[in-house]
Amino acid sequence: MTSKLFLALLLLPFSGLAQDDPAGVDMLDTAVVVVAPPTSVIAVDHKYDKGERIDLTWVPSIDDQLVEGKVLAYRIYRIVNDGGPQLVADVATGVGPYQYADEDLHRDSIYSYYVAAVSSNYEAASTRTAPMSPQREWMNLDRKWLFLIALIVGGSVLLFITAARRGTKLFVRKIAGLEAVDEAVGRATEMGRPILFVPGIRDMDDVQTLAALTILGRVSRVIADYDTRIFMPTSRSLVMTAGRETVKAAYQAAGRPDKYSDDMVTYYTDEQFGYVAAVDGVMVREKPATVFLLGAFFAESLILAETGNYIGAIQIGGTARPAQLPFFIAACDFTLIGEELFAASAYLSGEPMQLGSLKGQDVGKAIAMIAIIVGAVAITIGEAWDVEFMHDIVTWLSGVFSTR
Amino acid sequence: MEAFFEHFRLWLAAFLTLGIFSFLYKDNPWYKLTEAIFVGISAGYWFVVLFWDNFHGKFWVGAGEYSINWVVAKLTGAQAPPPPDSSIDFMLWVGAFLGLLMLLRLVPKIGWISRWPLAFIVGSTGGLWLINYFASNVMVQAQATMVPLFSSAFGTGFDQNADAVIGALIIFLGTFSGLVYFFFSKAHTGVFGGTARVGVFFLMITFGASFGYTVMSRMSLLIGRIDYLLGDWLGMIK
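Chains A and B, in that order, give the protein sequences.
Quick note on the numbering used here: the first sequence kicks off at 6 and runs consecutively.
Quick note on the numbering used here: the second sequence kicks off at 429 and runs consecutively.
Among the clues, some could well be false.
Only pairs whose alpha carbons sit at most 27 Å apart, straight line, appear in this in silico DSS-like list of lysine-lysine [unchecked claim]:
(1) 179(A) <-> 614(B)
(2) 370(A) <-> 149(A)
(3) 537(B) <-> 370(A)
(4) 537(B) <-> 253(A)
(5) 179(A) <-> 370(A)
(6) 264(A) <-> 292(A)
Covered by chain B, according to a simulated footprint, are these stretches of chain A (three or more residues, beta-carbon under 8 Å) [as the list claims (entries may be wrong)]:
(7) 208-214
(8) 291-299
(9) 332-346
(10) 383-392
(11) 399-405
Simulated from the structure, these hints should not be mistaken for laboratory data.
Just so we're clear, the structure is a prediction, and the values are computed from it rather than from any experiment.
The beta carbon of each residue, even a glycine, is placed where N, CA and C say it ideally should be.
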C-alpha cells in the first residue's frame with residue numbers, strides 16, 4: 006500500500022492532474038502536426054507594369070504533396086526595408102498553381118518574402134527571398150502586335166487623308182439613314198416645325214456623344230441653310246456647352262450667325278428619367294417634324310423613340326449600344342447601327358480628314374476579316390487532320406491578336 | 429406625426445406616379461407639374477452630388493485645401509502645414525484649372541478660352557478609347573472567332589457534333605458577315621452584297637432576341653409600380 010502511494014505521488018507531475026493551466030492540458034492532449042516548409046520560393050518583378058507588383062512562386066511542402074489536408078494553407082510574409090515580417094495573405098492549398106501577386110507596392114522600397122506552410126498547429130517557414138524592388142517598364146511588349154496593327158491602321162488613315170487632300174476620290178458606300186438627313190430637314194422646313202436633336206444621356210467622355218456632336222455640326226449647317234429651327238435638350242452640362250459651340254460654328258459657316266441663339270441648346274437634368282420626362286414634354290408640345298436620336302442611350306431609348314413616333318415625326322436614331330438598337334429599329338424611320346454612327350460624320354461632310362479616317366478603319370476591318378478566315382480554316386484543318394503546320398499558324402495568330 | 433408623414437409620403441408618391449402615367453392619355457397640367465418637379469428636384473440633387481463628390485470630395489480634399497492653407501501660411505507667416513502625404517495629389521489642380529477655364533464663358537470677351545478644356549476632353553477621350561475599342565472590338569473579337577468549324581473534340585455522337593458545328597458556324601459566319609456589312613469602302617453588290625445581307629440577318633435576329641428580353645424586363649418595372657399603387661398605397665394586394 007505504501008509503495009503504491011509512493012508511486013502515485015511520483016507520477017503525479019506527469020498525470021495532468023497537477024496542471025493549473027487548462028491550455029497546458031490541451032497541449033499535452035494534442036499532437037503537433039509538423040510539416041515541411043515550402044521550397045524554391047522565388048520573387049520576380051511583374052513584367053510591363055508601373056512598378057507596383059512582385060510575383061511569388063514556390064514549390065509546395067512535401068507534406069502537402071504526399072498527404073492531402075495536412076497543410077492547410079500557405080502564409081505569405083513580406084519584409085519591407087529590413088523591417089519586421091508582415092503577414093500579407095493566406096493562400097489556400099489545392100486550388101491551383103502555387104503563386105501569389107503582391108500588389109500596390111512602391112518602387113522606392115526594398116522587399117523580401119518568405120512563405121510558411123501551415124498545419125493545424127504548426128507553421129514551417131521557407132528561407133527568405135533576395136531583397137528586390139519592383140521595376141517600372143515604359144513599354145508593354147506583350148502588346149507589341151496591338152501596337153503594330155494600330156500603327157498600320159493609323160498609317161493607313163494618314164495615307165488616305167493625304168490622298169483625299171490631293172484630290173483622289175475616296176469611295177464610301179451609301180448609308181441609308183444619312184441619305185435621309187437632308188430630306189428630313191427639308192420636311193421640317195416645309196412644315197414650319199422645329200427639329201429636335203437628342204444627343205443621348207452620356208457625357209463628353211463617351212465616343213458616341215462625340216459622334217453625335219459631329220453629326221450635329223452637319224445637321225445644324227443644313228438647318229442654318231434652310232433657316233429652320235433646331236432644339237437640343239441635353240442631360241450633361243459639358244454636352245450643352247459643346248453642343249452650343251457646334252451649332253454656333255455651323256450657323257457662322259452658313260453665314261447666318263445672327264440666327265443663332267443659346268436657347269437652341271439647353272440643359273435639363275443629369276437624372277436619366279427626369280431628362281426623359283422633359284424631352285417627352287417638349288416633343289408633344291413643340292411637335293418637331295424631325296427627331297434625331299443619336300448618341301449613347303439606355304432604358305430611355307424606347308420611351309423617346311415611341312413618343313417621337315406618336316407625334317408623327319421622321320426619326321433618325323443611332324447608337325452603338327446593342328441593347329438599345331432594337332428599339333430604334335422598331336420605332337425610328339432610319340437607324341444608324343453601331344459603326345454607322347461613327348462613319349456618319351465622314352459620310353456627311355466628305356472632308357478629307359474624316360474620309361481618310363473612315364478608310365483607315367476599313368483597313369483594320371480587312372485585317373480582321375483576313376485573320377478570321379485564315380485562323381478558322383487553319384484551326385479546322387489542324388484539328389481535323391492534325392496538321393502541325395496549321396497548329397503553328399493558329400498559335401501565331403492567337404499571339405498576334407492577344408491583348409494581354 | 430410619424431404616421432402622418434408616412435401616409436403623406438405614400439400619397440405623394442402615388443400622386444406623382446399617376447401624374448407621369450397620365451402622359452399615356454395626353455399631355456396635361458398634372459403631367460407638366462410632375463415633370464417640372466422631377467426635372468427641378470433632380471437637377472438640384474445632381475448639382476449637390478457633383479459638388480460634394482467632385483469639387484469637395486476630390487479636388488478640395490485631394491489638393492485644394494492643403495494648397496490654400498500652404499499659401500495662406502506663407503502669406504501670413506503662420507506655421508506651414510506638414511509636407512503633403514500620399515493623399516495629396518497636385519495633378520488635381522490641372523482639372524481645377526480646366527474647370528475654371530470653362531467658367532470663362534461667363535465673360536463674353538474671353539469666352540473663347542472655354543473651348544480649350546472642351547478640346548482637351550474631346551481629344552483625350554478619342555485617344556483613350558481608340559486603343560480600348562481597338563483591343564476589345566477588333567483584336568479580342570477576331571481571336572475569339574478563330575474557332576474550328578468541325579473537330580473530333582466536339583463529340584462523337586451526331587447530336588453533340590451537330591450542335592457544336594452549328595454553333596461554330598454561327599460564330600464564324602455571324603462575325604464575318606457582320607464585318608462585311610460594316611465595311612464602308614465597297615458597295616454592297618454581288619457576293620460582297622450577299623454576304624452583307626447575311627450579316628444584316630444575323631443583326632436583326634440578335635436585335636429581335638434582345639428586344640423581347642428587354643421588353644420583359646421593362647414589364648417587371650411596370651409591375652413594380654402597379655404593385656406599389658395597388659399594394660403599398662391602396663392596400664388591395666396583401
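Verification of the hints:
{"no.": "1", "hint": "179(A) <-> 614(B)", "result": "10 Å, holds"}
{"no.": "2", "hint": "370(A) <-> 149(A)", "result": "19 Å, holds"}
{"no.": "3", "hint": "537(B) <-> 370(A)", "result": "46 Å, violated"}
{"no.": "4", "hint": "537(B) <-> 253(A)", "result": "16 Å, holds"}
{"no.": "5", "hint": "179(A) <-> 370(A)", "result": "18 Å, holds"}
{"no.": "6", "hint": "264(A) <-> 292(A)", "result": "21 Å, holds"}
{"no.": "7", "hint": "208-214", "result": "holds (count 4)"}
{"no.": "8", "hint": "291-299", "result": "violated (count 0)"}
{"no.": "9", "hint": "332-346", "result": "holds (count 7)"}
{"no.": "10", "hint": "383-392", "result": "holds (count 6)"}
{"no.": "11", "hint": "399-405", "result": "holds (count 3)"}
The earlier numbered hints that this structure contradicts are 3 and 8.
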